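Protein chains in written order, with our numbering: chain A, 136 to 483; chain B, 136 to 483.
Since the hints were derived computationally from the structure, they do not count as laboratory data. One or more of the hints may lead you astray.
Copies of one chain are not kept apart here, so a pair can be met inside one copy or by any two copies together.
The calculated lysine to any residue pairs, modelled on SDA-like cross-linking and capped at a C-alpha distance of 25 Å, are [stated by the list, open to error]: (1) K281 x E456; (2) K200 x A254; (3) K200 x G237; (4) K183 x H255; (5) K234 x G248; (6) K234 x R258; (7) K183 x S156; (8) K371 x D433.
Just so it is clear, the structure is predicted and the values come from calculations on it, not from any experiment.
There are 2 protein chains.
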Amino acid sequence: MDDLEEGLIRRKAVAQLAGVSEATVSRVLNGVGPVKEETRKRVMEAAKQLNYVPSALAQQFARQKSGNLGVILPLLPKVNVFSTYYFSEILSGIGHTAKQSGYDLLMLFREPGEPREYAHLFRTQKIDACIILGAQNIPSDYDALKELQREGHPFCLINQQYEGAPFNTVDADHRMGSYDATVHLMKQGCQRIWFLNGPSAFSNSLDRLEGYCQALETAGEPFDPNRVLVGNYSRKSGYESADIMAELIRTGQADAVIAANDRMAIGLLQGLKERGLIAGEDYALVGCDDSDGARLTDPPLTSIAVPFYEAGCEATSRMLEALTEPVLTAPFTAKLPVRLVVRASSQV
Amino acid sequence: MDDLEEGLIRRKAVAQLAGVSEATVSRVLNGVGPVKEETRKRVMEAAKQLNYVPSALAQQFARQKSGNLGVILPLLPKVNVFSTYYFSEILSGIGHTAKQSGYDLLMLFREPGEPREYAHLFRTQKIDACIILGAQNIPSDYDALKELQREGHPFCLINQQYEGAPFNTVDADHRMGSYDATVHLMKQGCQRIWFLNGPSAFSNSLDRLEGYCQALETAGEPFDPNRVLVGNYSRKSGYESADIMAELIRTGQADAVIAANDRMAIGLLQGLKERGLIAGEDYALVGCDDSDGARLTDPPLTSIAVPFYEAGCEATSRMLEALTEPVLTAPFTAKLPVRLVVRASSQV
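Sequences are here, hints too, so could you generate the full structure?
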């Protein structure tokens, strides 16, 4: 006798003792479907007498729900994903919100090059809904998302959009962030503002670059694509761009840099400091994220505060709503506001 | 017809088509028990023809395994648990190791005052093993751990030990860390070394204090309990101790401080800087953890590097081993080595 059969036999005994059908026992113990209060009590009493406690797995199997909210996130060699401000803030928001609704978080790590079998996680009831972090505009990611959408599974992206593809997304107004940063630098008298961007496979990188371009063009300055450098959002890539930037600053070709995240900005600040160039004196520097590190550098780093924690909360609330009241609606895009926090690094 | 019944009926059809018993179908599809290769092929073929894919839940139900490694961690109001260096490093180690073995992480947040129903997570097959972070020496935590042990569930603590209670634990040699820090400060000529500790409900706090006492006593200096302050491991609590410390430094009653983590050390460093006292000039300062922040402060912070990432890996490997080869052995205690990283803050 295996566990499926044993479950059925025990359920039958409860039904007989309570004088109801087996289907009613299932409805009561799984908390699904309408049942009279008096019947419910009788079934609970019988189950208690027979010491019949369906396991969470059996309950989930019957309900076809796991009680888990999936969080898909990238796992990179040599990078501690939880240790980056970006992921840790989003995950804290997701965790707090899920906990309030009694949902547990199932962390699903995705390695580079690994097949994206997201829909499989739903088909096999590992998760009831999911939030996807670090998705990129590459075919493997896009196809996996299209499949989720085609099969009607509730999912939400954070900080990633696909042109022409309406997926549920919680994003921040990154365009406005670098627009404000560029205007701020121009007000400080900067005339040769460079942009150290992240990879263009992330829609955030494109948004940030767009805000920079728009601010320049609004001020009547033509956008010069030669003033854009590209790193990979790591501190090391910012540090490595210091060689080029030092030369540009010394020769008067650059007087300010906006970096698309704080990690790159901090790497650049340190690299330039080692070459005798001080942020806020020899050049102006702005980062993005307003991470803890921005307050610790010398000088403190001007940065664009992005509500990552709130983005995690928002995405989670939306997914849990979709589970309790599934309605067919158009995909949503929430865009949270950002805020420039001015510190010494940009005040030349 | 509910899902349990449907599962049985579909399994019966596969058995008939393959010409084997239903029990054999279960064994093949759930990958448990001995089956001839030829039989296995026939069952897989029949299941494929009938498009019968048992769900992960059904498989788990049959195997009585969830495929999930539980991680129990505290959820504190106003603290983003993932954003603290301590938790984020440990979780990265757990995540990388679990991923390699195909296990998913189920994050279980525990709020202060909430009942610790850890054993329930095993009884209901939500998890197969678990790692417990942030446990304290308080009756509710202790009782929950005793229950887990009594029922024989595989679990492991990280960085917490209970006197006289042999639970599986992965810890670091915190005692040696503050011993080395104290010796280092004495070599720098410091004579009035204070200790800013965390709450004594964490065994780490006691270990760190012990190393400090031992180093003093070895040097023939009596331990003075009046030179111990207690914060709560937050940056704010370090910052708030700056008032007292400033007075003590100015009046010559203190010339050095060891803080039991970097967050408190950084808060203290900033608070004292605002009062005109510079670490590495007016007093010597050592933190614990060697977090990212230690490299960013001005001056950079001397700190005790603790292998938190490795502790996460070690605990996870041990738990996954216990699942694949369950053997009755005595509880283990792994103690990982720490290392003093000297920077400018302690060189007076």
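Homomeric proximity label, K183 with S156: Cα distance no greater than 25 Å = within (17 Å within a copy, 34 Å between copies)
Within, between, both or neither: K371, D433 at alpha-carbon 25 Å = both (18 Å within a copy, 20 Å between copies)
key: Status of E456 relative to K281 across identical chains (alpha carbons, at most 25 Å)   = within (21 Å within a copy, 38 Å between copies)
task = With 25 Å as the alpha-carbon cut-off, assign the pair K234 and R258 to within, between, both or neither.
result = both (24 Å within a copy, 20 Å between copies)
query = Between the shortest in-copy and the shortest cross-copy C-alpha distance, which are at most 25 Å for K200 and G237: within, between, both, or neither?
reply = both (13 Å within a copy, 21 Å between copies)
task = Can you give me the call for K200 and A254, within, between, both or neither, at a CA distance of at most 25 Å?
result = Intra 15 Å, inter 22 Å, cutoff 25 Å: intra and inter.
inquiry  = Regarding K234 and G248, is the shortest C-alpha distance of 25 Å or less found within a copy, between copies, in both, or in neither?
reply    = between (32 Å within a copy, 15 Å between copies)
message = Within a copy, between copies, both or neither: which one fits K183 and H255 at a CA-CA cutoff of 25 Å?
response = Between copies, since 16 Å is at most 25 Å while 36 Å is not.
Checked against the numbered hints given earlier, the structure satisfies every one of them.
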